[in-house]
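K.L.:
Chain residues, written in single-letter form:
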Amino acid sequence: MTIPSLQGLQTALSGLIAEQTALDTAGNNIANANTEGYSRETALLEPDSPLTIPALSSHTGLGAQLGTGVSVTTITRVRNEYLDAQYRSQNSSLSSATANAEVLEQAQSAFNEPSSAGIAAQLSNFWSAWNSLATSPTEEAAKQAVVAAGEQLATTIKQLGSQLSAISSEVTEQYEALTGPSGEVAMIAEQVAQLNGQIKLSEEGGIPPNEMLDRRDALLDKLSSLANITVTEEPDHMDTVTFGEAEKPLVEGTKFNWPQELTASSGGRLGALLSLTSPEGALTQLQSSLDGVAQTLAATVNEHVATPFFSGESAATLAVAVKSSEVSAAGTEEAAGANKVAQAIAALRGGAAEKDYAALVEKVGSDVQGAKNDESNMQTTVTAINDQRQSVSGVSLDEEMTNLITFQRGYQASARTLTAMSEMLETLIEHTGVVGL
Amino acid sequence: MVTSTTLDNLNASLAAMERTSDELSSGKTILEPSDNPYGASQVIDLQSQLEGLSTYEANAQDGISWEQTASSSMDNMSEVTQRVRELLVQGANGTYNKSDLETMALDVEQLTETIKQDANAQYAGQYIFSGTATTTAPYESGANDEYAGNEEGVSRSVGPGASITITTNISSLLGNGEASEDGGLLDTLRSIAKTMRNGTAEAQSELGGVYLEKLDGNMETLRDLQASAGSATDQMQTALTRNEDLQSSITGALANVDSTNVAEASIDYANEQAAYEAALRAGASIVQESLLNFLQ
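Which chain is which? The protein sequence lines are A and B, in order.
So the first sequence is numbered by our numbering: it starts at 461 and just counts up by one.
So the second sequence is numbered by our numbering: it starts at 522 and just counts up by one.
You may find that some hints are simply not true.
Claimed, not checked - From the derived model, a few chain B residues whose C-beta atoms are all more than 12 angstroms from chain A:
(1) D529
(2) I551
(3) D556
(4) D583
(5) R604
(6) R606
(7) Y617
(8) N641
(9) A642
(10) G652
(11) T657
(12) N671
(13) E673
(14) S712
(15) A724
(16) R763
Said to hold, decoys possible - With a straight-line Cα cutoff of 16 angstroms, these simulated EDC-like cross-link-like pairs (lysine to aspartate or glutamate) come out:
(17) A/K815 - B/D566
(18) A/K715 - A/E650
(19) A/K715 - A/E740
(20) B/K735 - B/E607
(21) B/K715 - B/E699
(22) A/K823 - B/E699
(23) B/K735 - B/D789
(24) A/K660 - A/E630
(25) A/K823 - B/D556
(26) A/K800 - B/E798
(27) B/K715 - B/E630
(28) B/K715 - B/D566
(29) A/K832 - B/D556
(30) A/K800 - B/E672
(31) A/K618 - A/E773
(32) A/K660 - A/D696
Quick caveat, the hints were computed from the structure, so don't treat them as lab data.
Since the model is a prediction, treat every value here as computed from it, not as a measurement.
Idealized CB from N, CA, C, for every residue including glycine.
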């Protein structure tokens with residue numbers, strides 16, 4: 461067997477095509493250098509199957525294999541699945557911490573402490589008003605001041621209570637918006653299921669659907685911020701996605717199961733939203749502690765007076781129950797100028813109500829501090845993992861520029877090979893083909 | 522990657538700078554409870570204590586003014602009683618005739634009225650000698666010498682758990698008049714006037730004897746009352762001084778918890794500013810460099 465004369469041309473051509481494809485891939489990488497979710501692609505080159513030159517032929521002596529050039533077997537995404545899984549798990553924790561911090565910070569600013577207008581200042585004013593009444597027990601103005609300070613205090617507590625419930629219902633609304641029929645979860649799940657189908661078809665056709673894989677990965681990244689997810693790639697290239705503590709997988713093949721019930725320990729933003737408003741949740745605890753402050757205040761003040769000064773058992777219902785004419789610095793049996801009652805109430809300053817409130821402020825402060833610390837720690841971790849991921853999948857312009865030069869030179873060299881072949885054939889055809897003329 | 526890291530660092534330096542600037546401009550290190558949760562609860566506690574101290578201060582000052590009013594009334598009573606005593610001594614020496622004694626009796630009755638007026642002294646619209654019945658005048662003018670107040674005391678809180686009674690029990694001095702025969706000052710004065718009008722030699726000797734003794738006894742009681750009003754004033758003065766010390770120590774504690782140390786914060790701010798500028802400069806030059814700059 462002999463080597464076909466024109467084989468060299470084919471070999472050079474395969475080199476040209478392969479180098480051009482690789483050059484195109486590098487160009488595409490550069491074009492997508494700043495595209496979110498894009499994974500760097502590389503053209504996988506493989507030598508073509510060689511021509512076997514049999515042994516012991518009259519021309520060649522020993523047998524050999526002659527390469528016939530190169531072909532691009534596939535263009536693959538450079539991606540580390542392990543880093544993806546890690547990123548998603550940490551990203552869930554990060555967005556859980558972010559949601560916690562956002563909500564608790566709102567709650568904290570509702571407290572408006574330390575300031576001259578917060579509940580602490582109003583409590584202080586209230587005790588001072590009783591003290592003034594102790595000094596002028598018979599003055600109508602002092603009684604009015606006590607009622608006014610009491611009403612202002614009750615209103616401030618009531619306002620904080622309703623702000624906290626507003627935050628709590630906003631949290632629930634946010635959860636419902638995200639999980640609703642046209643919410644983010646449903647939309648992402650639907651798109652992932654669709655992409656699963658398309659990817660399967662494409663893979664079956666032997667075409668690696670890089671762009672669709674990137675899109676599916678980007679969607680899964682996004683989904684991981686809503687709750688913990690696990691992604692299992694099935695043999696048919698479709699991803700099965702479990703979501704939070706949901707009973708059934710969110711995405712199975714080309715189907716998605718939503719809506720489903722989630723629990724507070726689902727992780728991600730949704731888990732955080734659920735846990736904040738759960739009975740043991742931070743927001744619920746703040747509300748019940750505030751109710752406790754209102755109760756303590758009412759109980760400790762009412763204890764000293766014949767007709768209850770405050771009515772109501774919770775922050776929302778706390779109100780002043782008496783008119784200024786019913787306020788008295790003296791006990792029922794005493795003369796108008798006696799001030800024992802007013803003195804006793806003024807002495808409640810620094811007492812149980814105030815201590816409970818200070819503890820509540822300390823609690824909201826440490827809740828927020830903790831949530832913020834969690835957030836910044838998780839942010840660091842997520843950034844680190846994302847950096848690692850970027851170093852694998854991201855486009856480095858330096859690297860691409862180097863590739864560009866490599867492939868360009870390769871292309872030039874292949875072209876030069878073609879020229880050499882052509883010159884060789886020219887010798888054969890032009891200078892040896894004159895026999896018989 | 523370099524860009525995102527650089528951006529994160531820039532944001533971090535900017536946030537630190539903002540924080541220090543907030544602390545400098547507000548003068549507080551605790552701007553919200555999460556800055557220092559325990560500190561925030563301490564601030565609430567300390568501010569309440571401070572406010573409490575200022576109410577105790579106001580109470581003590583009010584009490585002192587009350588006692589000053591009481592003291593000046595009692596000083597007047599003392600002067601008036603002294604004048605009665607002089608009349609009593611004159612009336613007893615036997616050189617005055619009946620009409621002179623009649624004039625003296627009128628004088629004594631007028632002075633009695635003056636004492637009752639002094640007993641009706643008011644401070645900030647409250648009768649100070651009526652016990653807790655501060656809306657009722659202790660004595661009405663005229664012949665009725667019945668004490669209309671009560672025996673209860675009005676007090677002022679001048680410190681945590683420290684309460685000082687400021688009411689002077691004037692009825693222990695003045696009593697309920699002649700009808701009650703309680704030996705109070707009013708009883709004594711009415712009896713003196715009556716005895717002067719009587720004008721007999723026996724009556725005159727009574728003036729110098731038993732009535733002078735009674736009057737001296739009443740004056741002794743008045744001095745006791747004056748002394749106890751004075752000691753209440755002293756106690757309140759002491760409370761004021763202690764209060765001032767406490768206020769300054771709590772203000773100091775409060776400053777330790779939540780006030781910005783301006784010198785420290787200013788230096789921090791300058792450092793952070795320098796760091797931010799350096800980060801900006803470094804970022805600008807790092808990000809610009811790439812292989813592209815060197816390719817032909």
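K.L.:
Next step is simple, just say for each hint if it's right about the structure.
P.N.:
Hint-by-hint comparison with the structure:
no. : hint            : in the structure
1   : D529            : violated, 7 angstroms
2   : I551            : violated, 6 angstroms
3   : D556            : violated, 8 angstroms
4   : D583            : violated, 5 angstroms
5   : R604            : holds, 31 angstroms
6   : R606            : holds, 33 angstroms
7   : Y617            : holds, 45 angstroms
8   : N641            : holds, 14 angstroms
9   : A642            : holds, 14 angstroms
10  : G652            : violated, 7 angstroms
11  : T657            : violated, 8 angstroms
12  : N671            : violated, 6 angstroms
13  : E673            : violated, 6 angstroms
14  : S712            : holds, 31 angstroms
15  : A724            : holds, 41 angstroms
16  : R763            : holds, 17 angstroms
17  : A/K815 - B/D566 : holds, 8 angstroms
18  : A/K715 - A/E650 : holds, 8 angstroms
19  : A/K715 - A/E740 : violated, 35 angstroms
20  : B/K735 - B/E607 : holds, 14 angstroms
21  : B/K715 - B/E699 : holds, 10 angstroms
22  : A/K823 - B/E699 : violated, 69 angstroms
23  : B/K735 - B/D789 : violated, 80 angstroms
24  : A/K660 - A/E630 : violated, 41 angstroms
25  : A/K823 - B/D556 : holds, 12 angstroms
26  : A/K800 - B/E798 : violated, 64 angstroms
27  : B/K715 - B/E630 : holds, 9 angstroms
28  : B/K715 - B/D566 : violated, 65 angstroms
29  : A/K832 - B/D556 : holds, 11 angstroms
30  : A/K800 - B/E672 : holds, 15 angstroms
31  : A/K618 - A/E773 : holds, 11 angstroms
32  : A/K660 - A/D696 : holds, 6 angstroms
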